[in-house]
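Undergrad: Below, each chain spelled out in residue letters.
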Amino acid sequence: MPYFCGIDIGASSAKLVIVDETGRIAAKALRRSGVDYAAVAEKNLVEALASANLRREDIVRTVSTGYGRDNVPWSNGRLTEITCHAHGAWWHFRRPITVIDIGAQDSKLISLDAAGRRVGFKMNRKCAAGTGAFLEEIALRLDLSVSELNGLAEHSTKEVTLGSFCTVFTATEILSKIRAGDKVEDIIKGAFHSVVKRIAEMGAMDGDLVMTGGVAAHNPCLVRLMGESFGKPVHVPPDPQFTGAFGAALLAKENVHTHHV
Amino acid sequence: MLGASRMATDVIPLANARGFSPDICSYLTSDIGAYLKNDTPLKKMGMSGIPKADVLVFNTNQCRDVKDWFQFYAREWNVPCIGIHTPRSLGDLDEPIIEDVARQTEALVPTLEKVAGQKLDMDRLKEITRLSRRCTELWKGVLEAAAAVPAPITFFDGTIQMGPAVVLRGTQSAIEYYEALLAELKQRVAAGVGAVPGERFRVYWEGMPVWGKLRDLSTQFLNLKTCVVASTYCNSWIFDDLDPDDPFRGMARAYCRIFICRSEDAKERYIEQMAAKYKLDGIIYHDCKTCPNNSNNRYQMPERLDAKLGIPHLVIHGDLNDLRLYSEEQAKTNIQAFVEGLEQR
Ligand code: SF4
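Line by line, the protein sequences give chains A and B. Position 95 of the first sequence, counted from 1, bears residue number 95 in this note's numbering, the numbering being contiguous throughout. Position 175 of the second sequence, counted from 1, bears residue number 175 in this note's numbering, the numbering being contiguous throughout.
Watch out, some of these pointers could steer you wrong.
[To be verified] Which bits of chain A does chain B cover? Going by a derived footprint, with three or more residues having C-beta under 8 Å, they are:
id : region
1  : 74-85
2  : 110-121
[To be verified] List time: in silico DSS-like cross-link candidates among lysine-lysine, alpha-carbon distance up to 30 Å:
id : chain 1 : residue 1 : chain 2 : residue 2
3  : A       : Lys-122   : B       : Lys-277
4  : B       : Lys-277   : B       : Lys-308
5  : B       : Lys-332   : A       : Lys-43
6  : B       : Lys-277   : B       : Lys-186
7  : A       : Lys-197   : A       : Lys-183
8  : B       : Lys-332   : A       : Lys-122
9  : B       : Lys-37    : B       : Lys-52
10 : B       : Lys-279   : A       : Lys-122
11 : A       : Lys-122   : B       : Lys-267
12 : B       : Lys-279   : B       : Lys-289
13 : B       : Lys-225   : A       : Lys-122
14 : B       : Lys-267   : B       : Lys-279
15 : B       : Lys-332   : B       : Lys-277
16 : A       : Lys-122   : B       : Lys-308
17 : B       : Lys-308   : B       : Lys-289
18 : B       : Lys-308   : B       : Lys-140
19 : B       : Lys-225   : B       : Lys-277
20 : B       : Lys-289   : A       : Lys-122
21 : B       : Lys-332   : A       : Lys-197
22 : A       : Lys-197   : A       : Lys-232
23 : B       : Lys-289   : A       : Lys-197
Note that these hints are calculated values from the structure, not bench results. Every residue gets a Cβ at the ideal spot worked out from N, C-alpha and C, and that includes glycine.
Chain A extracted, bound-state conformation (with noise of 0.2 Å):
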């Protein structure tokens, strides 16, 4: 049976999703970018094949996307991680779409029509607000790490407003939340509520809200806020965060053109 490959490095994490002709995840593989893309990709490939019992040879295709997307030398196309999350998540909804991808280094907003195709995109600008990097370094004001967040947060009862679009302005201003006595799992929510608020000022929210990546995968509570402040459920795929390296992968299987830039 041919197989396909996908494989997305990200500014933090290199994931790899290895499909069969159905579009059925055969094999996946996740680990940190480093700075060996190239070695990266590899490991990831040896890891999935063992993990399938596959050989090398059963991957008919692959396709390459996110910021490494050029340095995979086995790649036979490289798609950006727009193109790839679009398909990824059109996959499991099949109707128009808002595709909300909160990654470590960027977000970005798809929406799609009801036959997948893109209508619009909206990256972030240049800066950390709304991303991935954001809730980093807001873990490391508050001397926790990021996977603690989403656990404290769900035990917030109070409203505290971070109204800073910049990072660095809103660390600041949760120390002087921390001086007034605010409670840590209330800052925290306020830093969910704060990447909400950037989601909501990159563009429209049309047709049903899917939210991939990291952030998404590792919060359900941020998922939640999301929702509120749309007014609508937002939906999550199964593995949000390998949705790009399912897209990708998905993409190798129908062999759409891809670029060698």
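With chain A's structure known, arrange chain B with the ligand on it following the hints.
TA: Showing chain B with the ligand alone in chain A's frame:
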């Protein structure tokens, strides 16, 4: 030149440190920064340094920054700084406005005569206007050659080729330059030679160039087989209104008509015409951090034009000269994603 040679990003901080904000025109801050450092790309051309002006003449038809910029030098060198205050955001070019700008232009004459130590020679002005007019007609021809499919010249070529139309307008050598260029382009059109081999898509560039990234951007578009066929920027040196028989009124009309000086409605109508003329598949807006005057994505124009034209747009965030405000990675991904979107249509 400071931008394209990427000197700008090194010298802008010097102007910032002297009180010129990093948020204002980076032509201004890079030029003044280079002056403060006593450095200039002109040295590569055998000039010893930045030439000192005897007088500075501005027109606010683009922005206030030009005036502020020139006034700095006027203070430094203790020379006069005079100019024309053109009303902005013009819809129709009403006669009273043209009349006023023409009068302001004429009013510059006595000061200029004093500086030059000679009277204005009206016949010579008419002759120079005639040459300028010819130069800009030819430049228009060069740019309009890109209406052919495939386009024989790109926006990126235009940013370099426009040099004579900017600084040598009114000279015979500029005319000869464009005559030769236009002849070559006509040959290319006849032979079906495109600037981007295998041209698949044709897009418009609205806003300033990213001067320090011309090559990277043009290479990326080349690889994507997408031709940036036209731009507001290069078109800004087309002055159909220059009139050898009435130089002052012709100049007034020409410098009021330019895109940057016009209302949103007039700008929109202009881009609609460009979309039809150049058979555009999409429009790229450069949101240029330090030049609000040339960033036309900020008042919903892209959304309105999407609806009218039915072609998609992309906004790139960057700057004309200050590369600290440009993310290569983000721009590249945005452009590639935009073209992937064109493929899906
Ligand atoms: S129009 Fe923009 S780039 Fe030109 S001088 Fe004014 S502020 Fe600077």
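Undergrad: Are the hints correct? Go through all of them and say.
TA: Hints, one by one, checked against the model:
no.: 1; hint: 74-85; result: holds (count 5)
no.: 2; hint: 110-121; result: holds (count 4)
no.: 3; hint: A:Lys-122 x B:Lys-277; result: 28 Å, holds
no.: 4; hint: B:Lys-277 x B:Lys-308; result: 15 Å, holds
no.: 5; hint: B:Lys-332 x A:Lys-43; result: 27 Å, holds
no.: 6; hint: B:Lys-277 x B:Lys-186; result: 17 Å, holds
no.: 7; hint: A:Lys-197 x A:Lys-183; result: 21 Å, holds
no.: 8; hint: B:Lys-332 x A:Lys-122; result: 13 Å, holds
no.: 9; hint: B:Lys-37 x B:Lys-52; result: 15 Å, holds
no.: 10; hint: B:Lys-279 x A:Lys-122; result: 25 Å, holds
no.: 11; hint: A:Lys-122 x B:Lys-267; result: 24 Å, holds
no.: 12; hint: B:Lys-279 x B:Lys-289; result: 29 Å, holds
no.: 13; hint: B:Lys-225 x A:Lys-122; result: 22 Å, holds
no.: 14; hint: B:Lys-267 x B:Lys-279; result: 18 Å, holds
no.: 15; hint: B:Lys-332 x B:Lys-277; result: 27 Å, holds
no.: 16; hint: A:Lys-122 x B:Lys-308; result: 20 Å, holds
no.: 17; hint: B:Lys-308 x B:Lys-289; result: 27 Å, holds
no.: 18; hint: B:Lys-308 x B:Lys-140; result: 26 Å, holds
no.: 19; hint: B:Lys-225 x B:Lys-277; result: 20 Å, holds
no.: 20; hint: B:Lys-289 x A:Lys-122; result: 17 Å, holds
no.: 21; hint: B:Lys-332 x A:Lys-197; result: 26 Å, holds
no.: 22; hint: A:Lys-197 x A:Lys-232; result: 15 Å, holds
no.: 23; hint: B:Lys-289 x A:Lys-197; result: 22 Å, holds
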